[in-house]
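*Asks:* Single-letter residue listing:
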Amino acid sequence: MNSGIIGFWLRIASLFLLRSRRTTVVLSLMVLLSVSILIFLSSLAVGINDAMVRNSVSLYSGHVAGFNLAADLTPERLRIDGVDAVVKRIENRGLLQHDDRFEPVTLIASNPADEIANTALWRKISAGKYPQNGKAEILLSEYLSERLGLGIGEQLQFRRDPVSSPVTFRITGVYRTGIDKLDRGLAFCPPAILPDDNARWSAAIFLRDGIEVENIVRRYRERFSTAAQFKSWHELMPDLRQLIDLNYVSMSIVTFIVFGLVAVGVSSAFVIFILKNLREYGIVKSMGVTPFEIGLLIALEVGLMNVIACIGGVALGIIASQVMSSIGIDLTAFTSHNRYFAVSGVVIPRLTPYSLWVPPAVALGFGLVASIWPTMLVVRGRTADILRGI
Amino acid sequence: MIRVQEIGKAYRSGRRQVEALDEVSCTVQQGETLAVVGKSGSGKTTLLNCIGGLERPDSGRIACLGENIHELSRRALSMFQREHLGFVFQFGNLLSYLTVHENIEFPLALNRVPRRERDLRVSALLERIGLGNSARALPGELSGGEVQRISFARAIAHRPQILLADEPTASLDSQTAHDLVQLMLDVVRDQAASLIVTTHDPVVIELTDSIMHLRDGKVVEESRTTVL
Ligand SMILES: Nc1ncnc2c1ncn2[C@@H]1O[C@H](COP(=O)(O)OP(=O)(O)OP(=O)(O)O)[C@@H](O)[C@H]1O
Ligand SMILES: [Mg+2]
Numbered sequence: 582m583n584s585g586i587i588g589f590w591l592r593i594a595s596l597f598l599l600r601s602r603r604t605t606v607v608l609s610l611m612v613l614l615s616v617s618i619l620i621f622l623s624s625l626a627v628g629i630n631d632a633m634v635r636n637s638v639s640l641y642s643g644h645v646a647g648f649n650l651a652a653d654l655t656p657e658r659l660r661i662d663g664v665d666a667v668v669k670r671i672e673n674r675g676l677l678q679h680d681d682r683f684e685p686v687t688l689i690a691s692n693p694a695d696e697i698a699n700t701a702l703w704r705k706i707s708a709g710k711y712p713q714n715g716k717a718e719i720l721l722s723e724y725l726s727e728r729l730g731l732g733i734g735e736q737l738q739f740r741r742d743p744v745s746s747p748v749t750f751r752i753t754g755v756y757r758t759g760i761d762k763l764d765r766g767l768a769f770c771p772p773a774i775l776p777d778d779n780a781r782w783s784a785a786i787f788l789r790d791g792i793e794v795e796n797i798v799r800r801y802r803e804r805f806s807t808a809a810q811f812k813s814w815h816e817l818m819p820d821l822r823q824l825i826d827l828n829y830v831s832m833s834i835v836t837f838i839v840f841g842l843v844a845v846g847v848s849s850a851f852v853i854f855i856l857k858n859l860r861e862y863g864i865v866k867s868m869g870v871t872p873f874e875i876g877l878l879i880a881l882e883v884g885l886m887n888v889i890a891c892i893g894g895v896a897l898g899i900i901a902s903q904v905m906s907s908i909g910i911d912l913t914a915f916t917s918h919n920r921y922f923a924v925s926g927v928v929i930p931r932l933t934p935y936s937l938w939v940p941p942a943v944a945l946g947f948g949l950v951a952s953i954w955p956t957m958l959v960v961r962g963r964t965a966d967i968l969r970g971i
Numbered sequence: 309m310i311r312v313q314e315i316g317k318a319y320r321s322g323r324r325q326v327e328a329l330d331e332v333s334c335t336v337q338q339g340e341t342l343a344v345v346g347k348s349g350s351g352k353t354t355l356l357n358c359i360g361g362l363e364r365p366d367s368g369r370i371a372c373l374g375e376n377i378h379e380l381s382r383r384a385l386s387m388f389q390r391e392h393l394g395f396v397f398q399f400g401n402l403l404s405y406l407t408v409h410e411n412i413e414f415p416l417a418l419n420r421v422p423r424r425e426r427d428l429r430v431s432a433l434l435e436r437i438g439l440g441n442s443a444r445a446l447p448g449e450l451s452g453g454e455v456q457r458i459s460f461a462r463a464i465a466h467r468p469q470i471l472l473a474d475e476p477t478a479s480l481d482s483q484t485a486h487d488l489v490q491l492m493l494d495v496v497r498d499q500a501a502s503l504i505v506t507t508h509d510p511v512v513i514e515l516t517d518s519i520m521h522l523r524d525g526k527v528v529e530e531s532r533t534t535v536l
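Chains D and S, in that order, are what the protein sequence lines are.
End of the first sequence sits at 971 in my numbering; the numbers just go up one at a time, nothing left out.
End of the second sequence sits at 536 in my numbering; the numbers just go up one at a time, nothing left out.
Bound-form chain D, shown alone (with noise of 0.2 Å):
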């Protein structure tokens, strides 16, 4: 076998595709559209999941959180490459009291301008405004606001424990985020209000797009001491972890379930070609075209197409997810009431190298298979039967 003689058949088979121009062209298109439809639902399934990591990771937690940091451990030593924002946070354990009444706390004290540039938590205030910076100020979640019978503009006390002297804070805002974890015995203050402030301190780490998380982790881990500890979403945040990994099954599986039948359909339309066409095929035999050679033909015949097919799919599937990647696609009226949607729900379809390659490489695979049968319908068909159209 020479490139000679694959040329040749190469030549052939395109010049079947085109001067059988109208099925060529149906056939080609139903591939086209599966190849760009599919590209652009791996990249709005990307998209999806995109937005519920950003909105997860978003709202309050960052993308790492770091714990039981040194007070001399600076917030610029852990802005390493690929980190965005690093937010210091100091959490204080305590009560908050009003009157009689006592609720168990966890009072962070942060900078509002790196809160509010960071993360989206100011977004769910829902009455007042964020605390400002130096003032004896404080954010409650309206559990707790509710529990100690107070509104904006109130006055309460924060102690560490029964027994030492309180802090009083005027409260600015109420939020509510609808997920329970920050819901409950949250609230905010600025730094430096509280007493012995310079305790050990939390971070809240943003990474920039497309950055793996766990590669900056391992850095954190292996660059600090023990004592410092780095969990990344992956860890706080398993059950989205999962959810992520089912989107890009279930996404798999819909590529091979639309390619199988694309590959069906293109099959079948061969079969029939072939069968309209099939006393031709019998003369190739008669001339001394050895049955591997049909295959190759049919095969270049099938994969051609597909080829041809799956380039413009890609194009057309990239066009696609861009303009609607530059518009955003607004899916707020399905993820309202979702807890990974809780800041936003604008999916921006994204693509990446499997939302790429995994929908032209199917439809390829496929179509070899597709020409399967066909060859065998010619190749195990008795020459003199052909021609005589048994």
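Worth double-checking, as some hints may not be accurate.
[What the hints assert, rightly or not] Label-pair ranges, simulated between beta-carbon atoms: (1) D966(D) / K347(S): 19 to 29 Å; (2) S333(S) / I953(D): 41 to 51 Å; (3) R602(D) / E425(S): 28 to 38 Å; (4) R423(S) / N796(D): 54 to 64 Å; (5) F837(D) / E327(S): 50 to 60 Å.
If you're looking for bench data, these hints aren't it; they were derived computationally from the structure.
Ideal Cβ positions, reconstructed from N, Cα and C, are used throughout, including at glycine.
Start from chain D and add chain S with the ligands according to the hints.
*Replies:* Here is chain S with the ligands on its own, set in the frame of chain D:
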């Protein structure tokens, strides 16, 4: 040379058994022509198919150019066919998606004749059959007679030693038929090929070296045309 020795072929369709060929023998030397005649269903096509390796006889031997073609492997048979055999069927010989030029070129490309030589040979053949202007036409755009002439050009393009034609003139008027047969005979003489042609056509019978009559798969008469 083609040597057929006592070949038999039976078809079973349901309970009915048809003896399509029964102890048929014949020999055609290089440069010779044989016409096979007989009523419809007498086994003419079956005989040609067996000689061309398109069908396997139940018994007997067929030697083409000294090769026992039914003892060849599948691949060797294909190689033999593409190199030494030229077929012309009664109809539907051409590939509808190839132009006249590409159709005639097909066996040449299969035999790896270089491109330039292919083009020269195809053009010469087209001139010879009087269709020099139709090189780029598709078969669907041509008349039945033109298609038959092109089929013939394709069958001889790779200069095979054995030509098999199954009622090649059935759809042609007598003048065109005469021209085509004359062309076949020229090729047979020039290339010292062997031609077997099945036919009902007196024009064809007149021009061949010998005739074989088949009836119900049996040879009933064999003669030199010159003797008739
Ligand atoms: N594949 C087959 N199955 C069953 N019977 C067949 C088959 N092929 C041929 N026959 C039978 O064999 C006999 C010879 O057929 P063949 O085609 O050789 O005749 P023929 O002389 O070429 O006839 P015609 O002049 O009509 O072309 C016929 O009776 C035909 O019905
Ligand atoms: Mg016949």
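*Asks:* Could one say that the CB atoms of F837(D) and E327(S) fall in the range 50 to 60 Å?
*Replies:* The hint (50 to 60 Å, Cβ to Cβ) holds, given that F837(D) and E327(S) are roughly 54 Å apart.
*Asks:* Assuming the hint says 28 to 38 Å, is it satisfied by the Cβ distance from R602(D) to E425(S) or not?
*Replies:* With a Cβ separation near 31 Å, R602(D) and E425(S) satisfy 28 to 38 Å, so the hint holds.
*Asks:* Determine whether the Cβ-Cβ distance between D966(D) and K347(S) falls within the hinted range of 19 to 29 Å.
*Replies:* Once the Cβ atoms are compared, 22 Å apart, the range 19 to 29 Å for K347(S) and D966(D) holds.
*Asks:* Could you tell me whether the CB distance from S333(S) to I953(D) stays inside 41 to 51 Å?
*Replies:* holds (42 Å)
*Asks:* Could you check the hint for me, namely that R423(S) and N796(D) are 54 to 64 Å apart, CB to CB?
*Replies:* holds (56 Å)
Checked against the numbered hints given earlier, the structure satisfies every one of them.
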